[in-house]
Amino acid sequence: MKSRRASEDTPLFPSSKMRNYYTLQDQEWHGINTFCCGGLVILGSNPFWFLITNILAMGPFALFIAYEYRNMGPWLTGGSCLIYAVAQYGLFRAGMMDPGIIPRNTTGRVPRVPNDDYDVDGTPLTFCETCKIFRPRRAKHCKYCDNCVERFDHHCPWVGTCIGARNYKYFILFLFSITILSAYLIGVNAWLLYKAKESSKEEGNLNQIMDALKNNWCSTMMGAYTVLVFMAVANLAVYHCQLIINNQTTNEQMKETWASRRNP
Numbered sequence: 027m028k029s030r031r032a033s034e035d036t037p038l039f040p041s042s043k044m045r046n047y048y049t050l051q052d053q054e055w056h057g058i059n060t061f062c063c064g065g066l067v068i069l070g071s072n073p074f075w076f077l078i079t080n081i082l083a084m085g086p087f088a089l090f091i092a093y094e095y096r097n098m099g100p101w102l103t104g105g106s107c108l109i110y111a112v113a114q115y116g117l118f119r120a121g122m123m124d125p126g127i128i129p130r131n132t133t134g135r136v137p138r139v140p141n142d143d144y145d146v147d148g149t150p151l152t153f154c155e156t157c158k159i160f161r162p163r164r165a166k167h168c169k170y171c172d173n174c175v176e177r178f179d180h181h182c183p184w185v186g187t188c189i190g191a192r193n194y195k196y197f198i199l200f201l202f203s204i205t206i207l208s209a210y211l212i213g214v215n216a217w218l219l220y221k222a223k224e225s226s227k228e229e230g231n232l233n234q235i236m237d238a239l240k241n242n243w244c245s246t247m248m249g250a251y252t253v254l255v256f257m258a259v260a261n262l263a264v265y266h267c268q269l270i271i272n273n274q275t276t277n278e279q280m281k282e283t284w285a286s287r288r289n290p
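Residue numbers for the sequence shown follow the working numbering, beginning at 27 and rising by one.
Treat each hint with caution, since some may be false.
Quick list of in silico lysine-lysine cross-link-like pairs, PhoX-like style, CA-CA up to 25 Å [stated by the list, open to error]: (1) 240 <-> 158; (2) 240 <-> 223; (3) 240 <-> 221; (4) 240 <-> 169; (5) 281 <-> 158.
Ranges between beta-carbon positions, derived for each pair [to be verified]: (6) 229 <-> 92: 30 to 38 Å; (7) 257 <-> 232: 25 to 33 Å; (8) 247 <-> 153: 49 to 57 Å; (9) 155 <-> 183: 22 to 30 Å; (10) 170 <-> 270: 21 to 29 Å; (11) 107 <-> 221: 18 to 26 Å; (12) 92 <-> 132: 23 to 31 Å; (13) 85 <-> 229: 33 to 41 Å; (14) 232 <-> 170: 25 to 33 Å; (15) 104 <-> 62: 54 to 62 Å; (16) 123 <-> 241: 42 to 50 Å; (17) 56 <-> 88: 33 to 41 Å.
Everything labelled a hint here was simulated from the structure, so no lab data went into it. Remember, predicted model here, so these are calculated numbers, not experimental data. Ideal placement from N, C-alpha and C gives every residue a C-beta, glycine not left out.
Make a model of the complete structure from these sequences and hints.
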């Protein structure tokens, strides 16, 4: 690491209290973020894809409920809406809050670093040339949002922002809720199609199945859609379960950060 003269009055890491306050002026905010509601909503560098994810989640579900709620009954409909509400809450929170952005050092002075550029447990500190700070362990500079993020996991294009220390739990909530919702709707659609098959007036098992699929196009399409969603998100949910058990982030697992030293 290059030697740098540290300033005695510039802290090693910016105060955590600073993370709750942001200035909306371009000359003071250098990251690629979109601020709304006076800074209460912080979108990442991909707000368009965050919108697309909401449409992909909300559109098919709303169409399915509007078309099939009479056949589903109040209990199945209520269960579907409850799980969907939890998933949507997780998505909103994960995509519209501060993921753990570490404020930049705007003093023009290099912050002081103790113990010859080593953290308290002997882990080398990394200096961010862009933010002009020594990053805490597990923090990383996101090239998409142009910010250092505390306990950086990954940049999620579907959520449109970084997943870090503050919004990881909401990302997990969304991931597991959408997995459960997909499995739930697969079962509901299978049951609706089975009922339609049994009530079909066609002769022959194959003809009854085809008649049920044709006359219940919404259940057919929603069933196929939820199978694809389940296959995608279930694998991701299992992957993040393994990361949580091993106390790793996605970034650390991909870079094999703890392959040669102990994971604290």
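For each hint, the structure was consulted:
Straight-line distance between C-alpha atoms of residue 240 and residue 158 comes to about 62 Å, which puts the hinted pair past the 25 Å bound. With a C-alpha separation of about 10 Å, the suggested pairing of residue 240 with residue 223 holds against the 25 Å cut-off. Distance restraint check for residue 240 and residue 221: the Cα-Cα separation of roughly 14 Å lies within the 25 Å cut-off, and the hinted pair is therefore satisfied. Straight-line distance between C-alpha atoms of residue 240 and residue 169 comes to about 48 Å, which puts the hinted pair past the 25 Å bound.
With a C-alpha separation of about 23 Å, the suggested pairing of residue 281 with residue 158 holds against the 25 Å cut-off. Between residue 229 and residue 92, the C-beta spacing of about 33 Å keeps the proposed range 30 to 38 Å intact. The beta-carbon spacing between residue 257 and residue 232, approximately 26 Å, falls within the hinted interval of 25 to 33 Å. Checked against the given bound of 49 to 57 Å, the beta carbons of residue 247 and residue 153, roughly 53 Å apart, stay inside it.
For residue 155 and residue 183, the hinted distance range of 22 to 30 Å is satisfied, since their beta carbons lie about 25 Å from each other. Taking 21 to 29 Å as the suggested C-beta distance range, the pair residue 170 and residue 270 conforms, at roughly 24 Å. Under the hint 18 to 26 Å, the C-beta atoms of residue 107 and residue 221, about 21 Å apart, fit the expected range. Restraint check, residue 92 to residue 132: a C-beta distance of roughly 51 Å breaks the suggested window 23 to 31 Å.
In this structure the supplied range 33 to 41 Å holds for residue 85 paired with residue 229, their Cβ-Cβ distance being about 37 Å. For the hinted restraint 25 to 33 Å between residue 232 and residue 170, the CB-CB distance of approximately 50 Å leaves it violated. Distance hint check: the CB atoms of residue 104 and residue 62 are about 32 Å apart, inconsistent with the given range 54 to 62 Å. With their beta carbons about 44 Å apart, residue 123 and residue 241 fall inside the hinted range of 42 to 50 Å.
For residue 56 and residue 88, the Cβ-Cβ distance of about 39 Å falls inside the hinted range of 33 to 41 Å, so the restraint holds.
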